[in-house]
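Take a look at the letters that make up each chain.
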Amino acid sequence: MEIIYQIFSPDFLLRNSIYTSVLVGLACPLVGVFLVMRRLVFMGVALPQISSTGVAIALSLPLWLGFNLSEHSSHSTHMLAFIGSITFSLTAILVLAFLERRGRGQPEGRLGTAYVVAAALSILLLSKNPYGEIGWLDMMKGEVIAISNFDLGLTAATLMLVIAVMGLFHRELLLVSFDREMAIILRKNVIFWDVLLYLLIGMTVSMAVLSVGPLIAFGFLLIPALSAHMVARNMRQFIVLASLIGGLAAFLGFCIAYKFDLPVGPTDVVLLGFLYAVTWIIARIVPHGGLRHPHNVQ
Amino acid sequence: MSIRTCRADTQKTMNEPLIILDNLSIGYNNQPVLSGISLSIARASFTAILGANGSGKSTLIKTVLGLIPPVAGCINTASTSAPLAFGYVPQAFQFDPIYLLTGFDVALMGVYGRVHPGRIVPQIERAFTRECLRAADAEEFARRRFAELSGGQKQRVLIARALAMRPDVLVLDEPTVGVDRETKDLVLEFISQIHKERKITVLLVTHDFAAVRHYAEQVIWLHGGKMSLGSTHELLTAERMAEMIEMGMA
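Line by line, the protein sequences give chains A and B. Mapped onto my numbering, the consecutive letters of the first sequence carry residue numbers 19 to 316. Mapped onto my numbering, the consecutive letters of the second sequence carry residue numbers 10 to 259.
Careful: at least some of the hints might be erroneous.
[To be verified] Cβ-Cβ distance ranges computed for the label pairs, FRET-style: (1) Val124/B x Gly291/A: 48 to 54 Å; (2) Gly127/B x Leu262/A: 37 to 43 Å; (3) Leu280/A x Ala136/B: 53 to 59 Å; (4) Phe292/A x Val124/B: 37 to 43 Å; (5) Lys146/A x Asn39/B: 46 to 52 Å; (6) Gly127/B x Ile22/A: 36 to 42 Å; (7) Phe210/A x Tyr37/B: 47 to 53 Å; (8) Ile299/A x Asn39/B: 28 to 34 Å; (9) Asn252/A x His242/B: 57 to 63 Å; (10) Arg128/B x Trp298/A: 35 to 41 Å.
Simulated from the structure, these hints should not be mistaken for lab results. A virtual CB, placed ideally from N, CA and C, is assigned to each residue, including glycine.
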């Protein structure tokens, strides 16, 4: 209780960090639900890593061009990282989705290759970048500590935009995902809705990677959605529950990490794993669970 | 026997053509599966499409629905005031059970074409969807999860969804695959009933000769890269059916 009181006090030093964590925890599962439903779980693994490679390249670019990054404000650096992250996320998701739709080759192989190459490239780039050592490697590991008001504002604005667009056009995004042929017959512009969904996924992944790092972004994208699917009875419950599990894990994870002096990100992911196990047990007890039902297991 | 094998000439089978296929070639990636299809589907007619697996039945209806572009030729529709509204009933097993949609959620998708993006589905459309579920005898499946329904129950929900589209043409792709005999009869009887009551044009892809003989007015038979069109009595002679059975169609 004392920790919660401290966290909510106005002069709490890490206030921005917890707000950012909870925002990421609430927003990531909303797009994660679509990754799970479209059976793009592997994309959920690869995208945050590709996004973080975008950050690494964006931060290396000034160095390659002979600019001194330390002369610029942290806002400019953060914005540069965001641009790198979102450019790589969107390019990757559009290319991978296009290749998936063509139905040739091995999607898992492509995603696995993209993941491992992106991870290696990030490490190589940051190891040769002097600014990598002053925080960006921490970011990659999921240390949610130094979040400025500007960073929090950018995260909040991006994630609120994602939540608003998702809420407004949820029906169309669901129709195109569930029954593409029906959407075409109803004269819906399926390419537009697909691109919008990918744009929302890309924006969320980019912002989550910048805020909490790729490992934690992946955790928040998929584990809450997979957990909620086991106990939800309909789409509304699925989406709301996934978001609540994400938000709750982010908040509790922060409290635990603060209390025991642990890194926040990994604490969040372990907690998500624990919640996944709890929902799995609940799904065995409560009738009409989602994935538990034999018809739903493939 | 007056079976007409269509190559390039347009055939008009009934007085008021609704869909006219003009020298149409269908296929995927510019590779034709079937070429030179010229025929017309009359308004309020019941047409069955028969053919062995891989003969192009599904490709033909998907081309008519606009899901696949034609390789060559064109499709004209008689509707002038508004584009022709198709109600499509796909095969029920193709849907991923991971979606936690209820029967009502699936049926409601039929009205999405009339609701602008970002707007709430009006109460009147929700009520109409319930009416369609009732008409398809699927009201009891409205609150149940779609993935957990049986094949026949899913077909009824999908028919309700197609009716919710207020269709001029109802297109059904093997709606009785994977359902028992009794359910099959119920589904086909229901389709025949709405065809008669609502004067809806029906295009039915099936392997079921008995159903075709009983309900369809004309038959499109696809075989060996060719297409034959005729009335049920003209085409489904004992001789022709024996030939079809030999080809493994039944």
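Going through the hints against the structure:
Here the CB-CB span from Val124/B to Gly291/A is close to 40 Å, at odds with the stated 48 to 54 Å. The supplied range of 37 to 43 Å is broken by Gly127/B and Leu262/A, whose beta-carbon atoms lie about 24 Å from each other. In this structure, Leu280/A and Ala136/B meet the distance hint of 53 to 59 Å, their C-beta atoms being roughly 54 Å apart. About 41 Å separates the C-beta atoms of Phe292/A and Val124/B, a value consistent with the hinted range of 37 to 43 Å.
Checked against the hint of 46 to 52 Å, the C-beta distance between Lys146/A and Asn39/B comes to roughly 48 Å, which is consistent with it. Our hint of 36 to 42 Å for Gly127/B and Ile22/A holds, since their Cβ atoms are close to 38 Å apart. The hinted window of 47 to 53 Å between Phe210/A and Tyr37/B is violated, with their beta carbons roughly 24 Å apart. Between Ile299/A and Asn39/B the CB atoms are about 54 Å apart, so this pair departs from the stated range of 28 to 34 Å.
Taken as a hint, the range 57 to 63 Å is violated for the pair Asn252/A and His242/B, whose Cβ atoms sit roughly 48 Å apart. In this structure, Arg128/B and Trp298/A meet the distance hint of 35 to 41 Å, their C-beta atoms being roughly 38 Å apart.
The structure does not agree with the numbered hints 1, 2, 7, 8, 9 stated previously, though it agrees with the rest.
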